[in-house]
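Novice: Assemble chains B and C onto chain A, guided by the hints.
Residue numbers (our numbering), protein chains in the order written: chain A, 1 to 424; chain B, 1 to 619; chain C, 1 to 485.
By construction, these hints were calculated from the structure, which means they are not laboratory data.
Built from N, CA and C at the ideal position, the CB exists for glycine as well.
Watch out, some of these pointers could steer you wrong.
Unchecked claim - Here are some chain B residues the structure puts well away from chain C; computed CB gaps all over 12 Å:
hint : residue
1    : N100
2    : P115
3    : V168
4    : A211
5    : G264
6    : L419
7    : T452
8    : K490
9    : A539
10   : I558
Claimed, not checked - Below 30 Å or equal to it, Euclidean Cα-Cα: the simulated DSS-like pairs (lysine-lysine) are:
hint : chain 1 : residue 1 : chain 2 : residue 2
11   : A       : K72       : B       : K57
12   : C       : K330      : B       : K362
13   : A       : K80       : B       : K388
14   : C       : K103      : B       : K271
15   : A       : K115      : B       : K371
16   : A       : K115      : B       : K465
17   : B       : K371      : B       : K388
18   : C       : K330      : B       : K57
19   : C       : K400      : A       : K320
20   : C       : K230      : B       : K242
21   : B       : K447      : C       : K400
22   : A       : K82       : B       : K432
23   : B       : K272      : C       : K330
24   : B       : K371      : C       : K142
25   : B       : K490      : B       : K354
26   : B       : K371      : B       : K405
27   : B       : K442      : C       : K142
28   : A       : K72       : B       : K432
Said to hold, decoys possible - Under 8 Å between C-beta atoms, here's a sample of chain A residues computed to sit facing chain B:
hint : residue
29   : L73
30   : G75
31   : W79
32   : L98
33   : L100
34   : Q136
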Amino acid sequence: MSVFSSFGSVLHSRRAKWSLAWLASCLFLTLTASFLANDLPLYAHVHGFSYFPALNPFQTLAAESDGSNPEKLTGQIDWKNKEGFTVWPLVTYSPASLDLQNTGYVSPGGQQHFKNANGSIVPMPVRYRHWLGTTQTGNDVLSGLIHGTRISLCIGILSMLIAGVIGLVTGMVSGYSGDKGLRVRSGVLILLLAGIIPAYFYAFYVRGEILIQALQNSIFLFLFQALVSCLLFFMILLLFYGLGRALSKIRLFSRYIHVPLDLLLSRITEVFAALPRLVLIITLSALARPSLINLVLIFGLTGWTDIARIVRAEMLKIRKSDYLQVAIGQGLPPRRIIFVHALPNIIQPVLVSILFGVSGVILAESALSFLGIGVPFDTVTWGSLIAAGRENFHAWWLVVFPGLAIFFTIWSLHVLADELRVIS
Amino acid sequence: MKKFIQCHSHFSFLFLGLALCLLQCKQQRNSDAAGHVSFAPVQRIPDDTKGNPAWSKVNILVCHVTAEPPTLHPTNGNSSPWQEINQYLHAFLININFRNPGLEPGILTLPVISPDGLRYTYKIRSDAQWDDGSPLTRADILFTLKASCCPLTNNPHARSYWENLLAVEADPRDTLAITLVMKSAYIQNTSILAEVPALQQTFFDPENILARYAIADFRQPSLDAAPPADLVKWAQQFNDEKYGRDPLFIRGLGPYRLTSWDAGQSLILEKKKNFWYRANDNIHWQASPDKIIFRLNRDEVSQQLEFKSQALDVSGTVTIKTLLDLRQDSVFLANYHAAVMPTYNYTYLAMNQKPDGIRRQKLFDEVRVRKAMAFLTPVDEMIRIVYKSYSPQCRRLAGPVSPLKKECDTTLALATYDLQAARRLLEEAGWKDSDHDNVRDKIIDGKRVPLTADLHIMNTTADWKDMAALIVSSCAQAGIRLNVISFDPKVFVEKARAHDFDLMLGVWGGTSHPEDYAQLWHTDSWLNNGNNYPGFGNAASDALIDSINYTLDSEARISLVRKLQKLIYDNQPMVFLYSSLRRNIIHKRFTHVELYAERPGFLLNTMQPGTRMHDEVNP
Amino acid sequence: MARYLLKRIVYFIFTLFLISLVSFAVTVCAPGDPVDRLLSSAVAGQEMSSQAAAVETQRVQLRHQLGLDLPLFYISLQSAAEPDTLHRIFPLADRNTLKALTKRCGNWEKVSDYYLGILNFQRTLALHYIRNASGEASRKQKLNDLAVLGMGLRSTPDEAVAGRSLRQITEWINTDSSLQFLSAQVAGMQRAFAGMTKEPLSMNYYCPALRFHGENQYHRWLFGSSGSGKGVLRGDFGLSYISRQPVGSYILDRLPWTVCLAFISVLLAYAISIPLAARMAKKPGGSLDHRVSAFLYLLYSMPGFWLATLLLMVFANPEVLPVFPASGVKPVAGYPPDASFFQNAWISLPYLVLPTVCYSYAFIAVLTRLLRVSLQQVSGQDYIRTARAKGLDEKTVRLKHALPNALLPAVTLFAEVFPLAIGGSVIIESIFTIPGMGSGIYQSIQSQDYPVLVCVFTLTGLMTMVGYLLTDITYAFLDPRIRYS
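Chain A with its partners taken away, still in its complex shape:
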């Protein structure tokens, strides 16, 4: 059965519909977070001029008619106390903004305070209320939830995509070629192995300084430089491959050798699976500067072993199946066999695994926030809210709402995974 029709049939179930609805709304929040929760208004009309502070906080405000206020940027004005017509987003706080009048865990139903234009403290107007309470330093919980959706889901999905790709490729190569699938001439093999040394040298050792500099500057520059290094590596290997082909023309080096890919890849998978994941993550986080990309990479690079194992098992099953034998017998090229016949059947268990993996990553991220490592300083995620709420157990709003969000997300993912599995 093809992938798409199985997706279609998922939609018929009611549980699946609700879970898709939840995930879609999370996606919506991810895209529109800045417009739903922001401490600057979306539109402001002051002294005859229109501004869009949320979109452009660096626009200079025209001077007051009496020339009293010095030149200010739209991002610096206290819009809640400014006269004029303003259109606010639904939640009037951004996750990092501190509301100093409401510090110390104010509950959603509790008394909230507001500093008005005269500087006096008055009860909070309904428009600017903290609907789900605040944290220790006065951060709004609802806005943290909304912005946290983006981060938690991104970390989860991106890292599992990386893990999925690595696991898929590893599992497929290992399952398809087995120990006898890949044959190379001994000349090619010798020169390729020999070529690894100069390739590594020129691609990574010589460029070491550049890579370290890039790492300190920005992660994107580093990824770019790393990509360049990898390309260089493969080009040199390609050169040696060509030389190897030439060498294998000689009788002595023309024998075929089986490369035990399955053996090697399985052992590597086992090594990664044997290392305790959380400890590895904590160690790597302690070494690297805390940033979201690092977190995504760490989760992705340590979470692919399950997927690889599943894919390999499926691939082995499929290889022995009848229709693949027929395809091989018909003489179809291996690439076609893999992509057209094998892949659609493997995708489903992989998707199931990925969906379970995403929920695992979201929980692991909250554990890391509890331990105080991983997420950079100003970033608010579901996990960091729960971790903060644990310190003050009476601040139940810090735990219940993000907890519910996590629960619904995980439930949706599991329901989808189940539906997909039932279909297959």
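Specialist: The following block gives chains B and C in isolation, referenced to the frame of chain A:
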């Protein structure tokens, strides 16, 4: 879907809701009377008069700790848990006077100092006895001093202090007198003996190897290059970890001995049966509880529960949050005293004023920028966030001297939060927002440098993060962008010493005896990658610090220290925030409880268990 | 069967070797200098004090003792321009600077001359500073500034910046007569610098050089050496940086609690999941199925630390239900002195209940769902229908035919237990104050106590591999198809 919702309401949410309700209902809200605490070095907690028959009458004191010492080795250990526990196991040569700032006699009396300030003559107590019955002799004191000075002993943290000791003279006419000859007339010449445990020579050096060497021999560089074999053998045996971990090998003159150490859980100390000190006046050598158990617990929630079930008696290391949560419970208030005490510690925000321009930009090298930071740091807010309802007890500082000390210059004005003044100072210093990105910048050495700085904090408690969040948000309003990075304390200190920071939030510990300001404020301390993190100092301040260190007369010293404070105040190398408060919880069944500003804040061996009723029954 | 076992054991050894490489790589890549850490930072970096020489010898000695001045591995890939003794240069920052300089210059001798020149300059300056420690303050200021420039020279590979600093130093030396004692050293530095920068850009650096080392850190780590330790293969993992105890005994002290908890949790999980899944599969889609599934989802989505706190606040709280103690593994006063092992175990039991629940709840959730799905799949197979057609009753069909086959995927999960247990234990053990490996690991990571971490990685890897081996053998035993593939 209906079925699904029903399922939820039956199981999950009901359970959750019930659990939460139970928790909320059981808490009784009480008005939180934080109580007045006088700002004095010692506070006597009034004995509880009511008593409660339900209280345990067992003479065991359980003290809560959040860290266990890495080692209890008498010379090689150096941590606050080490001091906290070893003060009951050992008798120190000189004791710190907890009640009045200063020193008091220990095994040695306070010294008679020669007029040139170089010779210190002490008298040794005659009544001290080791556990095996043998008396304390001068040989033991000689051994203790030599073991501390020996270059092969693994005590690098103390080496710079012991360098001052040139030689020891043992007067043959008076076997209880010992004279220390020091290198210079330095104010801490006596303090180096404070908290040094007396060691039994026959136990640690049975072959009496150290008697063959004089302290002057240890100072020869030839000894470093080619240490003699017998000394190496002795040092290898002496440095062995068993003297710091194994109860059988931990031996001292103190009122308690270590009977068991469960790593990661608890240490148990038991009162010695025939302790040599019988009198009442030295508080360090009392032994009221029969057993003292130090119980490790790092988790705040389970600490709260243990206090509620009265499994813990004393703590000096709970967080303010835990303390305030517990105070909400009337049952807790009926069973425990809860008090905060001032300390000699202070928290600060240091600014790197001597960056190399390559690794760290020249952001804070100008004094106007540093003064602007002082205007931008919302200290009162920070105190409120950290200490909550205890904030009135928390004293702010304007300089590096604790308000508890006489030398503190209280005329220096505290920094206020003033956004306009900060902005003005930054403009004057040349930092203007020329590219309208809300971050100021300046042309330095031909390059445009934005005023973006890294703020380093420690990752130990959440309070640091909260304080940093406040600083970040207030600086953002003035056009300074800060990146907060949190580090493990060891890495934090390494970076500070290597001057690899722009801003850092830290805390310095202090004691009551006279401070050597060179450690933190001398330029040598910056050059040698020592503790002068900001890079304060010039020739004039160095000279002033040197003269403070060699002025033995305390009255004369006070005016010099005040001068130094003014220099530091004008230079503003750090924003001095506040002096930390220690949180103490003590079970009401203990009487004769005193709290001290000096660390660790209380002496467990002086706390007498038993209620009045108990006293009446067993007089 | 024997051949299969043999093959598996050979793979086992190979993977173990790979794991040892990874563990070793962790120590090596760790930031920070272990020598500085061991000598305690009070001593680090005091170039301008009188102890400088003594401290330096101490450092060199300690480094030699720990084997840190050896190359890393049996083979090392470097550029031909770099000497094979590069690994002996400390601190690491200097090594990086020298590498960068060699890259530009291509001639190691010239770079080495320059480096020695800088060291010479710094040493003379320090000696002079110490000898005239009580000198005039403004002079000391000048010396300080020179020292700063010297440190800058040592750390920058940028020739332009170095040139500027050198010019500044020379200018000061020439204008101030009291600084003449440094003129020889400064001239030497200038000469070396000129020699280095005037060297034409050579391609020397771009030739790779493969070098072999018999004595290297990995070899010492694995096999030990005469001076220190017996090597990992004989169970000696070195000394902890913090407590200076042998790592092996440190871990062994803490291992029993973690293993005990993990073991009990796994048994509990299997004991609960198997009957529960069987019950649920009796009526797939029924109300029990739905309700338990929903509860399991809720359970799974609770973070471990939060559930631990909830359990504590409900079951260890004297105001709610004071059933279990709140922390530790034994009473405050310890075990009674003459109690037997079983008596001690009985005393510790209440302390272990809440942690076990926290360990096992996620596992129960996953296992139950897995078993249920697997049971469903198996129930649809032909042989089950055959069994029913044969006339066997439902119970026999389910328990004797369906269940054993459905258990196979659950068996694979068993091998995963150890890494999960070690990892999850970090949080649970710090909340419940259990002196197990988890809290030990967390503290070691925080204090960068790498010998302990390496031991943990290696041991966990070993135990997981043993778990895999056992699982594979069990599988082969249970499923004849695998044996003959």
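Novice: Which earlier hints turn out false for this structure, listed by number in ascending order?
Specialist: Structure breaks hints 5, 8, 9, 11, 12, 14, 21 and 31.
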